[in-house]
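Q: For the record, the sequence lines run as chains W and G.
If you're matching positions, the first sequence starts at 1 in our numbering and goes up one per residue.
If you're matching positions, the second sequence starts at 1 in our numbering and goes up one per residue.
Quick caveat, the hints were computed from the structure, so don't treat them as lab data.
The reader is advised that the hints may include incorrect statements.
In the BS3-like style, the derived pairs of lysine-lysine whose C-alpha atoms are separated by at most 27 Å in a straight line are [what the hints assert, rightly or not]:
(1) G:K129 - G:K153
(2) G:K155 - G:K239
(3) G:K319 - G:K239
(4) W:K30 - G:K240
(5) G:K343 - G:K362
(6) W:K30 - G:K153
Among the chain G residues that face chain W by a calculated CB cut under 7 Å, a handful are [what the hints assert, rightly or not]:
(7) H19
(8) Q301
(9) H372
Across the chosen pairs, the derived CB separations fall in these ranges [said to hold, decoys possible]:
(10) W:P65 - G:A30: 27 to 37 Å
(11) G:G29 - W:K17: 22 to 32 Å
(12) G:E144 - W:P51: 33 to 43 Å
(13) G:H252 - W:P65: 26 to 36 Å
(14) G:P24 - W:G52: 25 to 35 Å
(15) W:G106 - G:N221: 36 to 46 Å
(16) W:P2 - G:G183: 22 to 32 Å
(17) W:M1 - G:N365: 25 to 35 Å
(18) G:R180 - W:N152: 53 to 63 Å
(19) W:M1 - G:A50: 31 to 41 Å
Predicted model, so just to flag it, every value in this text is computed and none were measured.
The C-beta atom is built at its ideal place from N, Cα and C for all residues, glycine as well.
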Amino acid sequence: MPEYSDDVIKKVLGSVKTIAIVGVSASEAKPSHFVMKYMQGKRYRCIPVNPGLAGKTLLGETVYPDLKSIPFPVDMVDIFRNSEAAGQVSDDAVAIGAKVVWMQLGVVNAAAAARAESAGLTVIMDRCPKMEYSRFSGEFGWVGRNSRIIDNRRKILGAGRAALARDAIGKGKGTL
Amino acid sequence: MNMQGTKLADYGFNTLSVHAGAAPDPTTGARATPIYQTTSYVFDDVDHAASLFGLQQFGNIYTRIGNPTQAVLEERVAALEGGTAALAAASGHGAQLLCFHSLMQPGDEFIASRQLYGGSVNQFGQAFKNFGWNVKWADGRDPESFRRLVHAKTKAIFIESIANPGGVVIDIEAISAVAREAGIPLIVDNTLATPYLVRPIEWGADIVLHSMTKFLGGHGNSIGGMIVDAGTFDWSRTKKYPMLSEPCPSYHGIKMHETFGDMAFAITCRVLGLRDLGPAISPFNAYLLLTGIETLPLRMQKHCENARAVAQHLSRHPKVSWVSYANLPNDPCYGLAQTYCPKGAGAVFTFGVRGGYEAGVKLVNSVKLFSHLANVGDTRSLIIHPASTTHRQLTDDQKTHAGAGPDVVRVSIGIEDVADIISDLDQGLAA
Numbered sequence: 001m002p003e004y005s006d007d008v009i010k011k012v013l014g015s016v017k018t019i020a021i022v023g024v025s026a027s028e029a030k031p032s033h034f035v036m037k038y039m040q041g042k043r044y045r046c047i048p049v050n051p052g053l054a055g056k057t058l059l060g061e062t063v064y065p066d067l068k069s070i071p072f073p074v075d076m077v078d079i080f081r082n083s084e085a086a087g088q089v090s091d092d093a094v095a096i097g098a099k100v101v102w103m104q105l106g107v108v109n110a111a112a113a114a115r116a117e118s119a120g121l122t123v124i125m126d127r128c129p130k131m132e133y134s135r136f137s138g139e140f141g142w143v144g145r146n147s148r149i150i151d152n153r154r155k156i157l158g159a160g161r162a163a164l165a166r167d168a169i170g171k172g173k174g175t176l
Numbered sequence: 001m002n003m004q005g006t007k008l009a010d011y012g013f014n015t016l017s018v019h020a021g022a023a024p025d026p027t028t029g030a031r032a033t034p035i036y037q038t039t040s041y042v043f044d045d046v047d048h049a050a051s052l053f054g055l056q057q058f059g060n061i062y063t064r065i066g067n068p069t070q071a072v073l074e075e076r077v078a079a080l081e082g083g084t085a086a087l088a089a090a091s092g093h094g095a096q097l098l099c100f101h102s103l104m105q106p107g108d109e110f111i112a113s114r115q116l117y118g119g120s121v122n123q124f125g126q127a128f129k130n131f132g133w134n135v136k137w138a139d140g141r142d143p144e145s146f147r148r149l150v151h152a153k154t155k156a157i158f159i160e161s162i163a164n165p166g167g168v169v170i171d172i173e174a175i176s177a178v179a180r181e182a183g184i185p186l187i188v189d190n191t192l193a194t195p196y197l198v199r200p201i202e203w204g205a206d207i208v209l210h211s212m213t214k215f216l217g218g219h220g221n222s223i224g225g226m227i228v229d230a231g232t233f234d235w236s237r238t239k240k241y242p243m244l245s246e247p248c249p250s251y252h253g254i255k256m257h258e259t260f261g262d263m264a265f266a267i268t269c270r271v272l273g274l275r276d277l278g279p280a281i282s283p284f285n286a287y288l289l290l291t292g293i294e295t296l297p298l299r300m301q302k303h304c305e306n307a308r309a310v311a312q313h314l315s316r317h318p319k320v321s322w323v324s325y326a327n328l329p330n331d332p333c334y335g336l337a338q339t340y341c342p343k344g345a346g347a348v349f350t351f352g353v354r355g356g357y358e359a360g361v362k363l364v365n366s367v368k369l370f371s372h373l374a375n376v377g378d379t380r381s382l383i384i385h386p387a388s389t390t391h392r393q394l395t396d397d398q399k400t401h402a403g404a405g406p407d408v409v410r411v412s413i414g415i416e417d418v419a420d421i422i423s424d425l426d427q428g429l430a431a
């Protein structure tokens, strides 16, 4: 599993505002659907990408067939595809000017990550943004998750993206 | 960052004992963890409620499923054990029920060491039989005896790290190799050792269980159990564990392992086990246990130091025929104790009194400082004669296998002055 410092992940989640979710499912039972709904609840704008659902509406947002069809900029691309397919999606993320490529738990494509990083993007692999957000916000503790965080200040809990951004900036880490 | 959390990379054990899982209360800033003595929690709106019930979002619904005080306790123990997540239950027995409920279907089997707490022997051999869950008994001192019992219906192996009542140290790594080869999880009851002495996940355990009633809580004031998920087992590799790998009808078809990954077992025990079977811990007990854990390392040091001195004393006592304590150099478990628990072999051990059953009864009736009761892991020194009490229901054969023969006396050495503990046993043995 790749290693990332808490600060790097916190900076990503505290700075991005728009997230394209590639491979999102229309099924409420699927993790990709959970993630989109959860991140919307934390005040991120989530753009669903799935060629099979293109043109339909999912959780209030229009579904696009691919990243290049999204007619406005996105900050982060979250990839729910297998590791091989993630390579092309990551390259597309570079092409559309995203700042962050995020590959889900179990998804690792080191070559694509190197290309994205050399283009100046931040890359996170083999992680879930919902889990990471829950970990930093303290919500994960509600289900007995070992957050590996000790904090001597009040937790921000469900306060949303802006609070995490303030938290990251407050520690002098700034935005991306 | 290692999300598996198998090493104490970030903080030391003492720090985690005091801090893990706790933070100042978000609303009031209270530094000690508050007792959230409430049954229920308001929803922001209908959509929030739907997300919580659908498991799409984590949050509090009803204290039978989770409670914020309990949650701090869960994260604390998960951190101390190096697991990914944990679930508290009303008792150690409740934790075992929830654990096996997630693994077993009627007709399935699991293999357990014979060297177990008498209450577990009863639960596995009697109560579980009514669910069609069948236990096969192996010898905890012989890893090969587990291998011989594995077949297609075997769903798990269960051992204690330091076995009650005899203080036998079990070769966790060797038995974990058997479990791995069989493609089944190894469950380790770590009650008597606590993570201060043994961290079973580092030796290959997939699930760690506790009766927190004992050394974790440590003060003899609260019953509680815990399930720790190591996050190591691949529940979806086969269809042996349908509650984890297959679509769940009561949660609109989600698959627990697919959705919750390395904490799927803890979540399954909570949202399918605790929700439907109900052995929830009370918030007040969770608070007392949490407070107890803050001093776990200090207490365990003292418990072990006192126990070693008492065991040494008894091993030279004319009225004592043998002492089973793994920290004594001539004990058969001495080598394993040096490997698995170099800081000490715990504070619960047995010894044999000359004069058999009657002598055992006489000793427990004569002590003045020791409390005669059916618990271990209290600050107070405790004594019991298992053959006449905890292991009374077992057959003579089971008693002997469980280390509870007629001359056996079990002690749990407290944190009093060791001279007082020794002099009480001396006067009791002289009576």
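Q: The structure should be examined with respect to each hint, and the outcome stated for every one.
A: Consistency of the hints with the structure:
For the hint linking G:K129 to G:K153, the alpha-carbon distance of about 15 Å falls within 27 Å, and the restraint holds. Using a Cα cut-off of 27 Å, the hinted pair G:K155 and G:K239 holds, with the two alpha carbons roughly 11 Å apart. Annotation: proposed proximity of G:K319 to G:K239 is violated, straight-line Cα distance about 56 Å (limit 27 Å). Proximity of W:K30 to G:K240 is assessed by CA-CA distance (about 22 Å); at most 27 Å being required, the pair is judged to hold.
Between G:K343 and G:K362 the CA atoms are separated by roughly 33 Å; this puts the pair beyond 27 Å, and the hint is violated. For the suggested pair W:K30 and G:K153, the alpha carbons sit about 30 Å apart, so the restraint of at most 27 Å is broken. Checking G:H19 against chain W by beta carbon gives a least distance of about 5 Å; that is within 7 Å, so the hint holds. A distance limit of 7 Å between C-beta atoms decides the matter here; for G:Q301 the minimum to chain W is near 22 Å, and the interface restraint is violated.
Violation of the interface hint for G:H372 is found here, the shortest Cβ-Cβ separation to chain W being roughly 36 Å, above the 7 Å cut-off. About 51 Å separates the C-beta atoms of W:P65 and G:A30, a value inconsistent with the hinted range of 27 to 37 Å. Separated by about 30 Å at the C-beta atoms, G:G29 and W:K17 satisfy the suggested range of 22 to 32 Å. For G:E144 and W:P51, the Cβ-Cβ distance of about 55 Å falls outside the hinted range of 33 to 43 Å, so the restraint is violated.
Look at G:H252 against W:P65: about 27 Å separates their beta carbons, and that is inside 26 to 36 Å. Range check, G:P24 to W:G52: Cβ separation about 47 Å, and the 25 to 35 Å hint is violated. One distance hint, 36 to 46 Å for the beta-carbon pair W:G106 and G:N221, holds here, with the actual separation near 44 Å. W:P2 and G:G183 have their C-beta atoms about 28 Å apart, which keeps the hinted 22 to 32 Å range intact.
For W:M1 and G:N365, the hinted distance range of 25 to 35 Å is not satisfied, since their beta carbons lie about 58 Å from each other. Separation of G:R180 from W:N152 is about 40 Å and departs from the stated range, judged on CB atoms against 53 to 63 Å. The hint said 31 to 41 Å for the Cβ distance between W:M1 and G:A50, and at roughly 33 Å that hint holds.
In terms of the numbered hints stated before, the structure departs from hints 3, 5, 6, 8, 9, 10, 12, 14, 17, 18, listed from lowest to highest.
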